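Peer 1: In terms of mature numbering (1 follows the signal peptide of the UniProt record, and there is no 0), the sequence shown is residues -15 to -1, 1 to 607.
These are computed hints drawn from the structure, not numbers from a lab. This one's a predicted model, so the numbers in the text were calculated from it and none came from an experiment. Warning: the hint list may mix true and false statements.
Unchecked claim - Quick list of the computed label-pair ranges, beta carbon to beta carbon: (1) D498 x L140: 30 to 40 Å; (2) D498 x Q558: 45 to 55 Å; (3) E153 x P233: 20 to 30 Å.
What the hints assert, rightly or not - Only pairs whose alpha carbons sit at most 25 Å apart, straight line, appear in this in silico BS3-like list of lysine-lysine: (4) K487 x K379; (5) K330 x K256; (6) K288 x K316; (7) K330 x K384; (8) K127 x K11; (9) K44 x K114; (10) K103 x K11; (11) K114 x K127; (12) K158 x K445; (13) K256 x K445; (14) K336 x K384; (15) K246 x K256; (16) K103 x K44; (17) K599 x K158; (18) K336 x K246; (19) K158 x K181; (20) K114 x K70.
Built from N, CA and C at the ideal position, the CB exists for glycine as well.
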Amino acid sequence: MAMLIELHMCPSLFATTTDQCSVMAKMNDEAECFRVCVVTLSGACYQDEFDEEGLSVVKATLGEHVSWSEFFGLVREAFITGQVKVQGVGEAAAAVSCHVSGTGNDGEGCVVKFTVSKVDAPLMPTLVKALVDAYQLQAHPKVHEQQLATLTEELLQTKMRVEQAEREVCVLKESFLWKRQLDIHNTQRIEKMQEKIANYTLNANDGRIAAAENRGDTCGRGRSIAEAPTKGCIRQPLGEEECRPYDPELLAIIKGRWVTKSDIDSNSAHKHVIMPLTLTELRGRVPMFANRQQEAVWEALDKLDDWDYNVFDVQRAMTGDDFASLHLQTKGGSLFITMYALLIKYNLLFKFNIDEQIALNWISTVEAGYNGNPYHNSMHAADVLHITHYILSKGGLAKRCQLSDLQVFAVLFAAAIHDYNHPGVNNNFHVKTQSYNAILYNDRSVLENLHVSSVFELMKNPRFNILESFSDEQWREIRETVIDMVLATDMSLHGKYIARLKRRLDERASFTDREDQNLALAMALKLADVSNCGRPLDIYLKWSAKVSDEFYLQGDRERNLGFECSPFMNRLQPALAKGQVAFMNYIIIPFFEMMVELLPNMRLSVECAEICRKYWIQSGEE
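Put together the whole structure using the sequences plus the hints.
Peer 2: See below:
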């Protein structure tokens, strides 16, 4: 490194010897070696490049203690004083000697000698060009200073692009690994479903035959056996299970953050299955967790109230990764942990006398009801849930709108279920393909209606009815709030909601009456739903890769069905940067800025969105 520093500081050197040989010594074009060139009077050309190892051999002839600064200083002085000689000119090589008087240990001077090899290529044009360039540099320094500044800026931009590309490669590698795991899991699911269908058909066949024989219906065997009629049934994401296995010790640690045993009313103790650790127990446990999972979850929850809470960290702590695990999550994932923590933090189980086991069943089943899509999965739900909590608390929404505890519960409920049972394709796909749900919901907010109705259908089973302890009036208020909030996440209605909010802001509404409260809550969930565009850059890049994966999967399905790929969903014409910049310019940043008018404490979201947008612009892909 010291050699390169001195080499970069050494100017181009030129000399003409007494026997009319032209000599040049300068840094090579790659800025890594010292190039020495000779052109004799007869036109013979000699040249070699000396890297650090080669120069070290030359420097060693001067003594062990000569520094690189002194070495290049001696060479410069020899060229400046005209003490350069070319000796031993032959068919293979020549020697260039740089003489400096009175600098040796004996006071008689010293010699720096470079041996250069003969080359066939003419070097005089190279020497002349280098000499002219050196003259231009001396005669017009400001021009070259500007050029140097431009090159320095280009170098900086190039380094930034390299760093960005390296980050993107990491994200793409994770995405590729996720897709491989997804293919394996889907293959296994298909095999299991085919086996179930075969068993069902066999059982139905046996039943039909037995029934026909009992009736004496001999022609029953020759009929094609249709699918047996089914009763209206509730989708059970966990099958026969009511709740995935969980670590009660981990939940006790989480509960102990905000609740003590003395906080639990003895009259409702039967509704609590997790007893929190006491402060003494917690102090003893925190430095010495039973396992790494407990420690990682505890550390992640330290940021539950912050903008950079990272659900990827929670998911990895719970399941080992943040992509392949989404189909399984045998002991719960980031949504399970985040929702349970917030129910405890807001003390909602106690305030509404909610049976804790039913709450755990509900959270676990809702998490399982999210499909393993690249983007619209349970991690996205956990992320939106956390941002909704941030908007309520540090964002100032609960205070601004004077929300009741019941409304806070409804808000968290809506955030947790807002994409429940999402199929990984958007409303436009359902409408184009005339899917069952598009027909059912008349092409209006197809998925948003599906999310809400599926969860309320699930809660018809008492084991999953987290609203069981609420009065009829409370139940209706929660349902109305949840419907209003989730339906607002349909981006085709974005303009209408923006117009409503702008009108009420212009009218200086207090946002404390029921209608305005519900509008503010709907806008809060809308913000949380697209908040990944305004998160710290490392978190945003992961989400942008996931949304791109899901878009391309929909584009593949559209292409296979003979439809034109939806905008930004054609993997054959990738446009991630263009799509993200456009989305931020026309949707995200104007929306976030309007929300700052309602909630000034949300300014951070705009600042982060500007950074994320700048990332794509600086990458040169805008």
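Peer 1: So, for every hint listed, does it hold in this structure?
Peer 2: Hint by hint, here is what the structure shows:
no.: 1; hint: D498 x L140: 30 to 40 Å; in the structure: violated, 58 Å
no.: 2; hint: D498 x Q558: 45 to 55 Å; in the structure: holds, 48 Å
no.: 3; hint: E153 x P233: 20 to 30 Å; in the structure: violated, 41 Å
no.: 4; hint: K487 x K379; in the structure: holds, 22 Å
no.: 5; hint: K330 x K256; in the structure: holds, 17 Å
no.: 6; hint: K288 x K316; in the structure: holds, 22 Å
no.: 7; hint: K330 x K384; in the structure: holds, 17 Å
no.: 8; hint: K127 x K11; in the structure: holds, 22 Å
no.: 9; hint: K44 x K114; in the structure: violated, 29 Å
no.: 10; hint: K103 x K11; in the structure: holds, 18 Å
no.: 11; hint: K114 x K127; in the structure: holds, 20 Å
no.: 12; hint: K158 x K445; in the structure: violated, 42 Å
no.: 13; hint: K256 x K445; in the structure: holds, 20 Å
no.: 14; hint: K336 x K384; in the structure: holds, 19 Å
no.: 15; hint: K246 x K256; in the structure: holds, 13 Å
no.: 16; hint: K103 x K44; in the structure: holds, 22 Å
no.: 17; hint: K599 x K158; in the structure: holds, 23 Å
no.: 18; hint: K336 x K246; in the structure: holds, 15 Å
no.: 19; hint: K158 x K181; in the structure: violated, 35 Å
no.: 20; hint: K114 x K70; in the structure: holds, 22 Å
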